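Chains as they are written, first to last, in my numbering: chain A, 212 to 531; chain B, 208 to 493; chain C, 6 to 329.
Misleading hints may appear alongside valid ones.
Said to hold, decoys possible - Just a few of them, taken from the derived set where beta-carbon distance is under 8 Å, the chain A residues facing chain C:
#1 I216
#2 G426
#3 V427
#4 A467
#5 P471
#6 I477
#7 I481
#8 T483
#9 E485
It should be emphasised that the hints constitute simulated quantities derived from the structure, not laboratory data. None of these values were measured; they are calculated from a predicted model. Ideal placement from N, C-alpha and C gives every residue a C-beta, glycine not left out.
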Amino acid sequence: MSEPILQVSDLKTSFSVKRSGRKYSLKAVDGVSLSLSAGEVLGIVGESGCGKTTVGRSIVRLVQPDGGAIRFKGADVLAASGSALRDMRLNLRMVFQDPYASLNPRRSIGDSVAEAGDINKVFKNRADRATRIAETLTAVGLEPSFAARYPHELSGGQRQRAGIARAILPAPAVIIADEPVSALDVSVQAQVLNLMMDLRERLGLSMLFISHDIGVIGQISDRVAVMYMGRVVELSDARGIVDRSAHPYTRALMAAVPKPDPSQRIAGAIETGEPPSQLNRPVGCAYAARCPLVSDRCRVEVPELRPIAPDNRLAACHNL
Amino acid sequence: MNRDGIALWLTPFVARPIALIGLCVLLAMVIAAAFAPWLAPYNPYAIDPISRLMPPDAVHWFGTDQFGRDTLSRAIYSARMALLIGAGVVFFALITGIPIGVLSALFPRLGHVLMRMVDVLMAFPSLLLALGLIVILGPSVANSIIAIGAGYMTTTTRIIYGLALRLRAETYVEASRSMGSGTWWLVIKHILPNLISPLLVQASFVFAFAQLGAASLDFLGLGAPPDIPSWGNMLAESRTFITRAPWLLFFPGMMIVLTAFSLNLVGDALRDRLDPRFRNAFGGEG
Amino acid sequence: MLSVRDLTVSIGSDAAPVDIVSGVSFDIGKGEILGLVGESGCGKSMTSLAVMGLLPQPGPRIRDGRIDLVGADVTTLQPWQRVEAGHGCIAMIFQEPMTSLNPVRRIGDQIAEAVRVHDGISGAPAWARAQELLELVRIPDAALQLSAYPHQLSGGQRQRIMIAIALACRPQVLIADEPTTALDVTIQIQILGLLRDLCNRLDMSILFITHDMGVIAQLADRVAVMYGGRIVETADVGALFREPRHHYTRGLMDCMPARNLGARRLPTISGQAPRPGAIRTGCVFAPRCAAVQDLCLVNTPPRLVLGKGHEALCAFPLQAGRAL
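Modelling step: build the complete structure from the supplied sequences, incorporating the hints.
Shown next, in the form of structure tokens:
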């Protein structure tokens, strides 16, 4: 594999929360390592509270990690300043989930799309700025005239296209897409996913695609990391996750996705439990309480990611 | 703001006739202040010892005071003082409230200190605070503005602080931060534009309460110099004649009530326009 | 159990009404689960609120049509009037259970209150019934959880509580409006399993509203697909997924990522859903339909009966026997 464009090593992030007067430390991300090659789409899938969003937000420095390193083309992202920081701001770009909340209602679409360029002073003059906005809007399938419109005049799908336009102007290297299609209707979701796949090819983008939807993740990703309770539990190519998942959590996740096929139906009550409280993490494997393969070792020792036969995928489980 | 925007601002007035009346009363006040020399039938300072304390009649519609001055003319000229005080207090409250509120929201530690200070100021009744400040600063029009403004600066700051805290957590602000924006950028491009509408509402209420505050100070002889026509001064000068010439108190008193009431009506209408629960009822964006 | 005929819900003035639900008809048999599926703004939630008698006031109103519950006309009755008149009970659960629960009252009190209203018992017997209901919805340690507060429970457990409260009135029909949309998939599958189980055990009918075709396939016996305020296709779940006959249904299935894993591009339905009242003549789906004909833009499409219980609102339906 070529030199990774983005490398996350042993990332740890926690938040302090107050519950009934006491302060707790909530470990949102607990030692995550990932690498993204140039031109690759790495999917991160997991359920709410698994830490997938925090990983993305750490990369664009919206949250300050407690430990670990993030490297973009070998340079330290967390310690960057001056022109190196400006370079990272322009190259590591985020697409947000809610297209209604992520655009300022009082700013025109053009102003929103050009924001990164304006902040980092990349436009030569007003004409250059207008041209770049028009080109970018066209690239995401919107008319250039949308530049003068305001968010409330756009549909959800159009807003998300504007959100993507904002992330690709000027030319970024990596897009961190945090649930970019979850708020959209299925028919619009497919349009936006197609757009993202197109842009990836046309602009040679690398992408960290974060979603709870295994169908969407399997569709767009080359490799997939499955997260549970702040840790990566399985990492493999997309096919390997969707068709032949190894980790018991991934298998439960895959089994739970409602299949659009009435001949493969749930028969009746299924009780597979719920994740433990994040404030009160178990000592060993976080999945132990729900796991069908659980052994004594799981309740004491946290499993590390390790290669599993036959295809040398990575999984964090003692019993594989 | 485009034409649709203006139409949206007007909808609450169309849907609510009483607010429209309030708006008209305010417009009348502004016209009275602007064209006082032409509208007033007499010189408000002209003393006429022969026609002292005349009740309202065809010559002096609002009657005359103890020096024979025309009450209607004085009431019209007083609108100037009312607008000056109102605008001054609103300006003072915003010019202090916006920076304190916004900076407190953006820098939590600084905010912790500043907001505690605001809390202390809020603990004083606003009239007591104004009186204390006037005692320190001395009575004058400018000092009335500062003294009354100090009281409304606290509530304005609180409101701005709350709004700015909410805006700071908006996804579009996060998006902007992820692209490397600084504090100045966030304030100018994202926070202030979204504060304009709620501040307009707050300004209309502050304007109304400033009228009452200024009238109180004038009445106590601690506001504008007594020779300047203002509704509060007119009340103060005439209170000894309350039994012989009640119209001297009735007309300025009515002006104060009418102005404050109209401002509150307009403020209510604007607030309902901004409250999303009422927005659909007015056919606005939903 | 429940029969809805030509239900039309409108907003706007009587002179110029805008129909947000237009001519919707369906029946739900005893112990049957009817899935009502559609995208946002298609009128599915408005349909359920109208059936429930809970349309927001002021605002949309039933302009036409009739709702029969267990053989009695309840079109204009509020839920409590239905209970008083002895027409039986429809209960409803929503997407976000937290907003429907009182945060400062214990779970047990809230269920016991529902029990008191419907069974007329209070005190210890009501609590016993509350515990029974919690066991019915498979909350572990039911006796213990009765004294918990809503915020101490997870999203999935809160939805179970809402189901328990809904069951307190022994409903003949349960309306579930996107009850699993806010939940994680591993929790969602458990709630779906629970609903299926309750439906079988209590012989209860369910009107299940969702945007998710996968959920429909897993749970529903029959399906009604809604688009632009109309039911465009109705069929048994097997027939619908085996051979959808309406172009919209087919398009919706095609663009699901789960059916296209590994494809370079997903099939899409072009454009976006119309606003209510935007399309007045012809077929509501015509502007987005890949097989649109000139006639579709002018004539209201016929409701064709294409098989046993299989209807489509389309003049040129897809051919049968075309496998997906």
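Hints not upheld, ascending by number: Hint check: 1 fails alone, others pass.
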